[in-house]
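Peer 1: Protein sequence lines correspond, in order, to chains A and B. Sequential numbering from 1 applies to the first sequence in this note's numbering. Sequential numbering from 1 applies to the second sequence in this note's numbering.
Rather than coming from a laboratory, the hints here were simulated on the basis of the structure. Check the hints yourself; a few may be wrong.
Copies of the same chain look alike in the list, so a pair counts if it fits in one copy or across any two.
Pairs of lysine-lysine residues, derived as DSS-like cross-links and limited to a Cα-Cα distance of at most 27 Å, are as follows [claimed, not checked]:
id : residue 1 : residue 2
1  : Lys120    : Lys32
2  : Lys135    : Lys32
3  : Lys120    : Lys163
4  : Lys156    : Lys173
5  : Lys173    : Lys32
6  : Lys166    : Lys181
7  : Lys166    : Lys156
8  : Lys163    : Lys173
9  : Lys181    : Lys135
10 : Lys181    : Lys165
11 : Lys120    : Lys181
12 : Lys135    : Lys165
13 : Lys173    : Lys120
14 : Lys135    : Lys120
Protein chains: 2
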Amino acid sequence: MGQNYKIVLQYEGTRYNGWQRQGRTENTIQGKIEAVLERMAGAPVEIHGSGRTDAGVHAMGQVANFYLPEGQTPELVKEYLNRYLPEDIRVLQAELALDRFHSRLNAVEKIYHYQIETGKKRDVFQRRIQYGLGKPLDIEAMREAAALLCGTHDYKSFCGNQKMKKSTVRTVKNIEIWQEKSLVTLMFVGNGFLQHMVRIMAGTLIEVGLGERLSRQMPYILASLDRQEAGFTAPAEGLCLMEVRY
Amino acid sequence: MGQNYKIVLQYEGTRYNGWQRQGRTENTIQGKIEAVLERMAGAPVEIHGSGRTDAGVHAMGQVANFYLPEGQTPELVKEYLNRYLPEDIRVLQAELALDRFHSRLNAVEKIYHYQIETGKKRDVFQRRIQYGLGKPLDIEAMREAAALLCGTHDYKSFCGNQKMKKSTVRTVKNIEIWQEKSLVTLMFVGNGFLQHMVRIMAGTLIEVGLGERLSRQMPYILASLDRQEAGFTAPAEGLCLMEVRY
Chain A
1 MGQNYKIVLQ
11 YEGTRYNGWQ
21 RQGRTENTIQ
31 GKIEAVLERM
41 AGAPVEIHGS
51 GRTDAGVHAM
61 GQVANFYLPE
71 GQTPELVKEY
81 LNRYLPEDIR
91 VLQAELALDR
101 FHSRLNAVEK
111 IYHYQIETGK
121 KRDVFQRRIQ
131 YGLGKPLDIE
141 AMREAAALLC
151 GTHDYKSFCG
161 NQKMKKSTVR
171 TVKNIEIWQE
181 KSLVTLMFVG
191 NGFLQHMVRI
201 MAGTLIEVGL
211 GERLSRQMPY
221 ILASLDRQEA
231 GFTAPAEGLC
241 LMEVRY
Chain B
1 MGQNYKIVLQ
11 YEGTRYNGWQ
21 RQGRTENTIQ
31 GKIEAVLERM
41 AGAPVEIHGS
51 GRTDAGVHAM
61 GQVANFYLPE
71 GQTPELVKEY
81 LNRYLPEDIR
91 VLQAELALDR
101 FHSRLNAVEK
111 IYHYQIETGK
121 KRDVFQRRIQ
131 YGLGKPLDIE
141 AMREAAALLC
151 GTHDYKSFCG
161 NQKMKKSTVR
171 TVKNIEIWQE
181 KSLVTLMFVG
191 NGFLQHMVRI
201 MAGTLIEVGL
211 GERLSRQMPY
221 ILASLDRQEA
231 GFTAPAEGLC
241 LMEVRY
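Work the whole structure out from these sequences, hints included.
Peer 2: This is how it looks when you write it as C-alpha cells:
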C-alpha cells in the first residue's frame, strides 16, 4: 500500500472540467495530478480529493491524499508535482499522513468563498474568480436570509442532483457576508455540501439582495424539499474552496 | 477642441502589445480605448497616456487624457468605455480636467511595482503579474544596492533605447523592497523613467539578490553610462504601473 501522502492544493479552475477524473483523456484536475504521480511512481496512482469541485470552480486549499511506494519524501513529492503540473495547479503543502487518513471521509468542515462584483465592471486582475453581477446588493437583507439558511437541515431544495439517493441532511454552521468597495463576499462554513449547494445558496441570496425574494421565504424553501423553490445556480467562476478542516 | 477628460485605468497587459498605438490594426491598449471613444464621439479621438507601458506590462493606475465634444459627462464616458472595452481593460475613474492638463507632460511622479516569486512555483491566481524567478533573494543586499541607485543621475546605463537623443537624467526618489512569504516586491518612485529603465533596475537588483553582483558596483554602473554594465531586463509580466501623481 505504501505511504499515505496528504497534499494541500491551489488551482484556478477556469480551464478545467472540474476536479473529478472522467476517463483518461478528460481535462480535470484530478486527472492532471494523477498523470504526474504515475510518472513519478512508475505505476498508476489514485488520488482522493476532499470533494469534487465543479467545472470552473477554484481552490485556495483543496486537500487530497494518495499512496506512494516507499522511497519518496513530502519535499520530493511537492517539488515533483509543482515542476510538472501546469501553472494553474500548485501544491502548497505535502506531508505524510496516517495510513487510515482519507481526505473526504475525515473532513469535518469546509469553507467556501463566493465573490460577487456589484460594480459595472470586474477588477481586471480578479475577474476570473469573481461573478460579474454588475448590480448593487442589499447586504442586510442577504444577512437575514443567510441566518435562516444556517443550521442542520435537509438541504434537498439546494441540491443540484435531483436523483440523490443518500441523505441530503447537512449542517451549515455559518454564512457570513461582507462588502469591500463594490466586491461582496459570501463565506459558507459547513460539515459538507451537496452538489451545487453552495452555488444555489449563493444564487438564492443574490436574489434576496436584488429584492427579487424576501428573506422570510427561506424556511419555506428549505421545508419544500423542492429545487424549483430555491434560486438560480450562481456561476462557477465566483466560487472558491478556501479550506478543509480535519 | 471640446472638453478635456482625465481617466484612470487598470489593465492586465498580458495579451497586448503594450500601451502605444502602432497603426490601425495593432493590438494595443491605446488603440482599444481610441476605438471605443471614436465610436462614442462619432469622430477619431486621440488619447495621451502618462507614458508607454511595454508589451505585457500591467497597470493599476495608468492615467490618460483626451478631448471630447460637448454633451458628454464623466459618468457617461466611464460607463461607455467599461461597457465596450474588453474585460482586461477597465476605467476606474473619469473626470473633467483643465483644458491644458496633459497626462504625460504634467505628471510629477510615477510609482511602479515589480513582483518576484522566489518560491518554486507562482501563486496560481497571481501568476500573470509576477516574475517566476524560483530562487531565494538576499533582500538586505538588494536594499543596499537600491539605495545607491536612487537620486538624480544620468541613467543611460539603465536605458533600453541606445539611440536616445534626449536627456537621460532622471530622479529616482525611492526604491523600497519588501518580502511577504516567498513574494518579493520592489517599489520604484521617480519623476519619470526611461524606456525599460524599471525593468533593467529590477534585473540588476535581482542579480545582486542572487549574489551575482555586489551592491557596491552600482555607482560604477551608473558612471559608465553603458547599458552593457547593468543587469538583464527583467520580464515584463512582473511590472505594474501603480500610480501617476500630478
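Peer 1: Work down the list of hints and note, for each, if the structure agrees.
Peer 2: Consistency of the hints with the structure:
1. Lys120 to Lys32: between (36 Å within a copy, 19 Å between copies)
2. Lys135 to Lys32: between (37 Å within a copy, 25 Å between copies)
3. Lys120 to Lys163: neither (38 Å within a copy, 44 Å between copies)
4. Lys156 to Lys173: Intra 17 Å, inter 61 Å, cutoff 27 Å: intra-copy only.
5. Lys173 to Lys32: neither (33 Å within a copy, 47 Å between copies)
6. Lys166 to Lys181: neither (41 Å within a copy, 43 Å between copies)
7. Lys166 to Lys156: The answer is within: 11 Å in one copy meets 27 Å, while 71 Å across copies does not.
8. Lys163 to Lys173: Within one copy only: 25 Å inside, 65 Å across.
9. Lys181 to Lys135: Result: close within a single copy only, 13 Å intra versus 36 Å inter.
10. Lys181 to Lys165: Neither way: Lys181 and Lys165 sit 42 Å apart in one copy and 45 Å across, limit 27 Å.
11. Lys120 to Lys181: within (12 Å within a copy, 34 Å between copies)
12. Lys135 to Lys165: Neither, since 38 Å and 51 Å both go past 27 Å.
13. Lys173 to Lys120: neither (32 Å within a copy, 36 Å between copies)
14. Lys135 to Lys120: Within. Shortest intra-copy distance 7 Å satisfies the 27 Å Cα cut-off; inter-copy 40 Å does not.
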